[in-house]
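For the protein sequence lines, the chains are A and B, in the order given. First residue of the first sequence? That's 1 in my numbering, and the numbers climb one at a time after it. First residue of the second sequence? That's 668 in my numbering, and the numbers climb one at a time after it.
Accuracy of the hints is not assured; some may be wrong.
Claimed, not checked - Far from chain B, by Cβ distances over 10 Å, these chain A residues were calculated:
| id | residue |
| --- | --- |
| 1 | Thr182 |
| 2 | Ile237 |
| 3 | Thr288 |
| 4 | Pro419 |
| 5 | Thr426 |
| 6 | Glu482 |
| 7 | Gln523 |
As the list claims (entries may be wrong) - With a straight-line Cα cutoff of 30 Å, these simulated DSS-like cross-link-like pairs (lysine-lysine) come out:
| id | chain 1 | residue 1 | chain 2 | residue 2 |
| --- | --- | --- | --- | --- |
| 8 | A | Lys324 | B | Lys745 |
| 9 | B | Lys745 | A | Lys664 |
| 10 | A | Lys38 | A | Lys137 |
No wet-lab data here; the hints were simulated from the structure. None of these values were measured; they are calculated from a predicted model. Ideal placement from N, C-alpha and C gives every residue a C-beta, glycine not left out.
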Amino acid sequence: MSKEVNPDLVKERKACTFNVTELVHIIDGGEQATKERKEVEEMVLQIKDIRDKVPEEYLSHKERYENAVRKTVLMVEVLKEHALRHSSFDAYKPSNMYRIQSGIVKDISPFMLHMGMFVPTIFGQASPEQMSEWLPKALSLQIVGTYAQTELGHGTFLRGLETTATYDPKTEEFIINSPTITSYKWWPGGLAQTANHCIVVAQLYSKGQCYGVHPFFVQIRDLETHVPLPGVKVGEIGPKLGFQTANNGFLGFQNFRIPRNCMLMKNSQVLKDGTYVKSKSDKLTYGTMVLIRVMIVADAAYEIGRAATIAVRYSAVRHQSKPKPDQPEPQIIDYVTQQHKLFIAIATSHAFRITGTWLWDTYSKVVADLGQGKLDQLPELHAIACCLKAVCSRDASACVEQCRLACGGHGFMLSSNLPIIYGLVTATVTYEGEYTVMMLQTARYLVKAWKQAVDGTALTPTVAYLLNYLNNSGRKWDNTPEGIIAGFQAVAAGKIKEAYEAIQRHQKEGHDYEDSWNLASVQLVNASDAHCRAILCEVFFTEVQKLSSTISAPLALVLQQLAELYLTYWTLEKGGDLLVHSSITKNDLVWQRQRYEQLLAVIRPNAVGLVDSFDVRDEILNSTLGAYDGRVYERLFEEAMKSPLNQEPVNSSFHKYIKPFIEKSKL
Amino acid sequence: MSKTKVNDDLQRERDKCTFNVTELINIIDGGIQKTEERKKQEDMVLKEGIHLEQVPSEYLSHKEKYELAVKKACLLFKVIRRMQEEENAGMENYRAVLGGKLGSAILQDGSPLTLHYVMFIPTLMGQASVEQQVHWIGRAFDLNIIGTYAQTELGHGTFIRGLETTATYDPKTKEFVLHSPTLTSYKWWPGGLAHTANYCIVMAQLYTKGQCHGIHPFIVQLRDEETHMPLKGIKIGEIGVKLGMNGTNNGFLGFEQVRIPREHMLMKNSKVLEDGTYVNSPSSKLAYGTMMFVRVVLVTDMCNYMAKAVTIAMRYSAVRRQSQPKPNEPEPQILDYLTQQHKLLIGVASVHAFRLNADWLWNMYNNVTAELDAGDLERLPELHALSCCLKAVSTADAAECVERCRLACGGHGYMLSSNLPSTYGLTTAACTYEGENTVLLLQTARYLVKAWQQAIGGHTLTPTVSYIATVNSGRRLPPWENTIEGIITGFQRVAAGKIGLCVSNIEKRQKTGLSYEDAWNITSVQLASASEAHCRAILLYTYYTETEKLVETVSPALKHVLVQLVDLYVVYWALQRLGDLLRFTSISEKDIDELQKWYEDLLTKLRPNAVGLVDAFDIRDEILRSALGAYDGRVYERLMEEAMKSPLNAEPVNSSFHKYLKPFMQGKL
């Protein structure tokens, strides 16, 4: 079998009109970042036995976990120093530097929450003394930690947690307890068999009074033997749709005692005698939460990029049907329905990456202000981060699934890697704040902003469009990107207004505010969604405009086409909303439809170049359908041949079950 | 914790249900008698205990999963065989264990024997000559031989004419020579093919006397009946792990000049005579039969999957409590949140909508096949068009519905023990198999474009597209009516409007010099959307009219609820498709406001019956297999019990600690 690059892909790459390397650098955040990323990738790939001979999907659940631990420690050992050099605040800026890890452990490492939550929480919530004691150990991985908040019966609603930490001034200890089955911690990654430490979020009781949930630093296993400490009940929660090697666990406590100084005391404190000292602002703990949401937006961009790479390359290699009798079967990427499914994914990846960076910049500014005691921008940041987390995770799931289905049956094969990517992405819809709950949190902010707008109070930047809408609601539609953005802002404003009025109507009918809110909540979610779409469109378009002046003309043109495609796609998707809330006409929609079809046609020659620019190497892509060389069918076959079932011509079950069964019927 | 006690919240929900659940169960089953038969069947199969697992199969390796699936499949069909002997029953027992219900209690991730019954035997019945049937069908029914059906190839799916496997007739030995000339010609996907089946129907390009006559079915022995070793020239194995259906043993198959007797070509329709002469079948349309049958059955399967998912999510939402909107009150059941009702109640309505549409399509299928047998082919194209778009829309809607139910359960829906992920796997697979959805929508679009042209030409249209003529006859848009009938008419206008736009776009593009096929391609996003709109109009119309008929004979309390569900379904889709309605009908913003209020009002009205409605799907716990959805609502206890079955939880410290983790943490790796 030939090892050469598939000729269709060669042809596609020749047809590309822009410099792929230039775009690779932009996506990485500069030439230097690309170089470093590639160095990290090489470092990891050089590790002996780091690649699996038998794909992990064939192993039992237990074997998969053991293999993931093996590979993760080998990898972390090599990356530790590199990572330590980058362990400042900026290390959390979204980047693709360490993506190789998800190539090696495809379905989440059991260490993920160590760097993802354990360390940041110590950073954000431990006092300076606590930090100097715990952080070096954590960063050098002398201890492995995780973060336990969610309980079996309690998720998004933090105040409902049941785990208690009761202060005993006699011994100067907290006593941790899980009073019910629903109070068991449930879900934390790495908690089951991997971590020996854990941040536990529990209801703090002191002097007979409850002070709400606070974080505690708890050792759960013996450092030498790894046996769970007395009073700790810990184990795994079982197999899931994805995250098979994340080692998600449960955790229960029975009168488990920890020293007083294991409460994380940067903000609130409990003194030796049990006196509770409140933190200056309860908003301070928002920080880590927002950070995680920034990462979710950036991850969504990356995973859509992976899925699009696989589906676009496969669609360039796959041929199907014969619309014209005398011509060969066309590449399926030449079908407009296929372009319709895939190009929006490419555009969305760019939209989310750019919005993620924008959100990070906003976040770092707010964090800097927080350091100086300024808290007033926090609510706005929180509101944006909530709806972006929700919408990006949902859109990413839809894009990835669309890419998978666009590969027909072969997308159903795990060797395409698309099902695994879907598992990673769809998990983000419900974790770290469930979709609908997030949307309703943003809606609270929007309703408040609407009231302020009506009262003529000044508005924060991301909702300033409400004033334009109130002052100038008759704006004439125009078929330009700016016109579309204004149109989406009109939709958002219109929906916020409607939802607000619905609440008022329900109140007039005699419902209290919360019941009225609930009765209007389907509309409130829609309003949040419209608000978020307006932000995504505006940020994507304006950032691409800014970028365009600094890059080569051919690339600028392509990025502008992608931004316009994104706007046009959503104009058509939301035609009904625009017809109701803006002055768009039916004829404008016909025009937009034609423009959309034109954009698909102009993007078509660059499709493969665009996904090549995501620069996801084969070892991270892990896909038979998406590899750079396009040897789709050979790779599908090679992967299949790795199946343990294919190592023997007759499986033992034939003699054990089938043959006796058949023979009985012959009698 | 008492094992038998039902969760208080669920009990309260059941107490307040306003209709008789049993009455609805009987309707769904098709009568009291049918319910009894189903329950008896379930009892007989489940009392064998084949479904019980000490360690759930998700924990096993891929190979062990297969071996367990074979074991269970054999035990299951042994029971069925006994039941058949005892009762001399018809096909009902088979259909029950092969469908998405009882069968999935035993083999939740697919069975390696399914294609034997679903494709191998039906193809023999449909395409083998009488003599061939005598020879093969008895053996197949008795499971003396295990078969499957191989059509799709590694490089070729929906486009059947593109298949590469060849069957070349050799008149000297009166044999066909089967051959796989390329890697892309390897058969790829058939269930049970890898290590289970010993026979297979193979679709291949027929060559005789140097000429190609297109694809035809052949029956081929793959493995020795005694040793199960692959026969000479047969390259066979499994294709690997998939998103779901990991018990089905999907395989690949290649031939190296494999010879089979001439009589192994299935010759009910076309034939090859001994001297190699090819005799064409009376109609090439006859081969449609099996394909359409499968699509009709698929719509029913989709109902079952949706019913499962919505049962799980609804019961969980009645048990789960969250947040505290009012400071002095307990956390509400999440089912009391309107956003949750919005996600779930449409699921209940969709099950009924697709169920009634499936029944309607089934009747039509039977009528058309009866006409076919009488030589009348006239309604075949219409049935084909209908089954294509209904397959596409029902599978897409079902996948979306199942996924929405899963997400509505928050993180716990992500657990395999909820059974929602594997239900999604089974559902989403149907979006691409048996005709990829976009391809199918475009097939229906061909029919619609033709119908449009007929309407313009003043010809009479077949019943399911006759609305095109009605819509075209009026010059002006009639006033909008905010009623169920008004919305349905609105959807017909949308469909007709979209078809008309497609036709004019294609014509315009042809005038710019494009060929018809290129013009078609550029317009294809719109064509698929027109096809979907047509299907929506049919779904709404059929659901509405069939329910009207149905409720004539039911109790007033139940009638009330069934009508509310129809209203909910119709209004939901109107709100989903506002853009289309605004473009093609005279609906106003005020009408839309009214619809939104109507919708929210319906949610509130249906809320008290939410649990009763899913109880009426009557899916017993062994079939539901869900920690979140069991009848007793012991959600948290079951989640924990399931977790404790994990082999990782059987030991306090996993060996990887000593092997890798400890040396690593101590810097000794």
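Quick rundown of the hints versus the structure:
1. Thr182: Not fine: 5 Å to the nearest Cβ puts A:Thr182 too close to chain B.
2. Ile237: A:Ile237 not clear of chain B: closest Cβ-Cβ about 5 Å, inside 10 Å.
3. Thr288: At about 19 Å from chain B, A:Thr288 clears the 10 Å cut-off, so the statement holds.
4. Pro419: violated (4 Å)
5. Thr426: Given that some Cβ of chain B is not farther than 10 Å from that of A:Thr426, nearest at about 8 Å, it is violated.
6. Glu482: The claim stands: A:Glu482 keeps its Cβ more than 10 Å from every Cβ of chain B (closest is about 22 Å).
7. Gln523: violated (7 Å)
8. A:Lys324 <-> B:Lys745: Answer violated: A:Lys324 to B:Lys745 is near 51 Å, above 30 Å.
9. B:Lys745 <-> A:Lys664: Within the cut-off at roughly 10 Å; holds.
10. A:Lys38 <-> A:Lys137: It holds: about 28 Å lies between the C-alpha atoms, which stays within 30 Å.
Hints 1, 2, 4, 5, 7, 8 from the earlier list are contradicted by this structure; the remaining hints agree with it.
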